[in-house]
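Enquirer: Using the sequences plus the hints, can you model the full thing?
As a plain string of letters, each chain reads:
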Amino acid sequence: MSPRALLLGTVGFAIFILSWHLATLGNQIGDLPGPAMTVRGLVQIAGEGVLWENVVASVFRVAWGFCLAAGIGIPLGMAFGWYPRLRETFNPLVQSLRPISPIAWLPFAVILFGGIRMSSDLAAIFLLFLSAFFPIVTASTSAVASLDLKYIRSARNFGVDGLAFFRRVVLPASLPQILTGLRLALGIAWVVVVAAEMLGVESGLGYQVMDSRNALRMDFVSAAMVVIAAIGLMLDMAMARVEATALARRGMSRR
Amino acid sequence: MSATEPEARQGAEPRTMQAGAKIVVRDVRKTFPTKKEDVNVLDGVDLTVREGEFLAIVGPSGCGKSTLLNCMAGFERITSGSIRIDSEEIERPSPKRVFVFQETGIFPWYSVWDNIGFGLGKMPFDKKHEIVMRYIALVGLEGFEKAFPAELSGGMKQRVEFARALAVEPDVLFLDEPFGALDAFTRLEMRREIVRIWKETGKTCILVTHDVEEAVELADRVAVMTRRPARIHSVLDNPLERPRDSDQPVFRELKDQIFEILGVERRV
Amino acid sequence: MSQALKILLCFAAFLAGVTLLHGWLNLAWFEPSNREQLTVAHLPVT
Amino acid sequence: MTEQSTEGTIFHSKRYTSWPSMTEDIDAGNLHAAFILAPLAMQMARQGKTKVKIVHLGHRDGTAIVVPTDSKVESFADLRGTRMAIPHRYANQRILVERMMAEYGFSEDDLKLIDYPPPEMPAALKAGAFESYIVGEPFAAKAEMDGFGRVLYHTKDIWPNFISCVLIVTQDLIDRDPALVQELVSGITASGKWLDEGDERLLSGLVMESASNQDDVDSGKVIVPDEFGRTPRLQAAVIAAQRRYYNQNPELLKFVLTKPPDRVKYTELELARDEFAEIQHWAEKLGFFDSRPVTEDDPFDFLDYCDPRFEQGRLRDLPLQDLASAAAEGAQ
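Residue numbers (my numbering), protein chains in the order written: chain B, 1 to 255; chain V, 1 to 268; chain C, 1 to 46; chain G, 1 to 332.
I should point out that these hints are in silico values taken from the structure, not numbers from a laboratory.
Incorrect hints may have been included.
Unchecked claim - The calculated lysine-lysine pairs, modelled on BS3-like cross-linking and capped at a C-alpha distance of 30 Å, are:
| id | chain 1 | residue 1 | chain 2 | residue 2 |
| --- | --- | --- | --- | --- |
| 1 | B | K150 | V | K36 |
| 2 | V | K96 | C | K6 |
| 3 | G | K112 | G | K72 |
| 4 | G | K126 | G | K72 |
| 5 | V | K35 | B | K150 |
| 6 | V | K122 | B | K150 |
| 7 | B | K150 | V | K127 |
| 8 | V | K96 | V | K122 |
| 9 | C | K6 | V | K122 |
| 10 | V | K199 | V | K128 |
| 11 | C | K6 | V | K128 |
| 12 | V | K127 | V | K199 |
| 13 | G | K51 | G | K14 |
| 14 | G | K14 | G | K193 |
Unchecked claim - Covered by chain B, per the in silico footprint, the following chain C stretches (three or more residues, Cβ under 8 Å):
| id | segment |
| --- | --- |
| 15 | 13-20 |
| 16 | 23-31 |
Using N, Cα and C, we set each Cβ at its ideal position, and we do this for glycine too.
Expert: Here it is as structure tokens:
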């Protein structure tokens, strides 16, 4: 981030915090919390250690949901991209399931994983898997489907096919678009985890918001939201770094 | 075509096998099925390419010269007729006949070294290194082994593509408007490069281009194609000695002749 | 493909780490208790 | 607080954020015991996926109707044509309101009932989303304590010994481990008795502020502020305020448990057939069992949803520090 961008960023934040402070001047605990109250709340829940438990719980669920979605979504999406008949049979199904909000699956998820240990965690992970799976499959499909014909012909011209062709041409060529899909999926999963946790589990940042609300501690609610925003940003920056290292030296002509 | 097509084609190739013929294309037809109706692209193409020759194929854009080249390379199947290389029917692409694309087909995710070594497949590192370095030297890219395509100029990327193609020691090079994406100066430089490489390696080169001057400047013979559905109108011998100078009167005469066949008004 | 392997490894390490942390902090994996346990649920309202 | 005693089962309390997530966890087999709304418990027993039985009451009363402090409403009649927020359509509070509407001759649309999450009721009342709300504690006391709400009726005034939450256990647990259910019920009865009739001995794990030192705090002991005093209800206010229980402000819980003292009752929690008959009557009337209507040949008897066997057991004794040691500790 260039210093100028950093400066402008902080100015943006400063304006937001200032207006937030003015808007909530003189509010008590029960009303809309101001920045100062939020910071105090943040310090308190951090001090009590409960914040770290909730952060770990949320990140744990997103990590598993996301990795499973990537592990299954990428190969499936690439297969859809490469074999048109496969795409024609399954893509309509995928695209019709996609708009269903993952939260709608919660009742089924709870029943599906009922009785097993860590069932509420598994239910949340299942929801996150769904929320990340669809963008990943879609990105992987279009990455392979739009593979440049001249790369395919170059490889076949040199007699490179089968697994070598997949590993040395298809995968690297579709990597940029797949990584974009992954980054998008992680963002969506992070939004969904908080919502999922509001409904079914007893740990995590979503639960923290809901529980603070029940405890009439609006300052804890805004403190949790600050943490949610910060971690969401960190996850996105981490993915951006992964993308940068993976596509290093490819320059703009990434495809 | 302004002139009605003469029945006896001037300087047309006799049908019999020519001594030293590398590629023989006989009565090739190619139709592309579309929703409305079939599009007939090649309509009875006959062409013979001699061993070690530099042949140019010239024709208006969209006439099907690239399709012909793709068929000769084995990327596309012909509807009817036959294409034989060393009297063997073409089934699919092979490292013996390497294709060079217009905007280069090298891989942006591989370094120059990896790109050139791409076609060499499994072999001990030092043997592969020796071959790769030899062709890096041939195309004048010493010192750029570790560079990636995004960091190279258009001309240098073209050189990597040539090196990659030559590294597998093919018999034939198919060049599909290879300099189309380059600026004028680089284009001139690369034309000299391809002639030098062609002389040094003795490969059979087939160049497809819509630039008549480029064809006359590079080729031993120039095959002129008609509009779609395309056929070989005629194959003209290029008597010019190398290195050629576009100001030579014979150069201009040959160019005019080709333009006239193509029915293109040359004067701007 | 070593680069892709590196990315996979750091994902796997992250996954394992956060799983153990979650188990330790929230699921009491590392607090053996021999006495029988029963959870009684309630809402924070009478 | 069962961690304090050295033997017997450890009972963990688990706080849920909504009734559906609790019932889903019961149906999923993750949960076998819970404090839940009485009509909801009956509905689960009648047509729920998991068979449950009510084994004890949670408490009595502890519910109030709240109106804004400046509102002119003096009696239920004044609520004609207004909106009232209720915690859940299958809550006993709804039955209470329906009963009072009948008493005051209200028709269905004379009082609009809105399902509303209890924690938001105080703020929503202040914001004017509705003219009154009926809910359990501490969300009634919250409005009162912050001064923008006034209690119109306590349940002790309009439905004495009002039943709101009941303790249920799954039939599966009853069949599998009746001794455990017995231990649970006798433990809860004992705590209730201590809350209403206990003396000034501190529960183990508690220490008065003046007698506490740093390692008490570090070892996680519960510090009771001196101005709170030592009575059981005030000890309970401090315990329940902890994050792992109600996660509320101790002052609010102190208010609930003491102003007035009979605002909520923790004794006489035995199951009574006639009390439940009345709840069942209203539940049927309001269509709580529509998917399996109660008829002669498909009756719904008290014993179909209650199991009072576990209430006769010996009360469990609580881990109390005897006064002597408490006094000695105080002298340090």
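Enquirer: Confirm or reject each hint.
Expert: Here is what the structure says about each hint:
1. B:K150 / V:K36: holds, 27 Å
2. V:K96 / C:K6: Not satisfied, since the Cα-Cα distance of roughly 37 Å exceeds 30 Å.
3. G:K112 / G:K72: holds, 18 Å
4. G:K126 / G:K72: With Cα atoms ~15 Å apart, G:K126 and G:K72 stay inside 30 Å; holds.
5. V:K35 / B:K150: Cα-Cα ~25 Å, so holds.
6. V:K122 / B:K150: holds, 23 Å
7. B:K150 / V:K127: holds, 28 Å
8. V:K96 / V:K122: Distance ~17 Å between V:K96 and V:K122 Cα, so the pair holds.
9. C:K6 / V:K122: holds, 23 Å
10. V:K199 / V:K128: Within the cut-off at roughly 24 Å; holds.
11. C:K6 / V:K128: The hint holds at about 26 Å.
12. V:K127 / V:K199: Measuring from Cα to Cα gives roughly 25 Å; hence the hint holds.
13. G:K51 / G:K14: holds, 21 Å
14. G:K14 / G:K193: Cα-Cα ~22 Å, so holds.
15. 13-20: holds (count 4)
16. 23-31: Result for this restraint: holds, n = 3.
The earlier numbered hint that this structure contradicts is number 2, and it is the only one.
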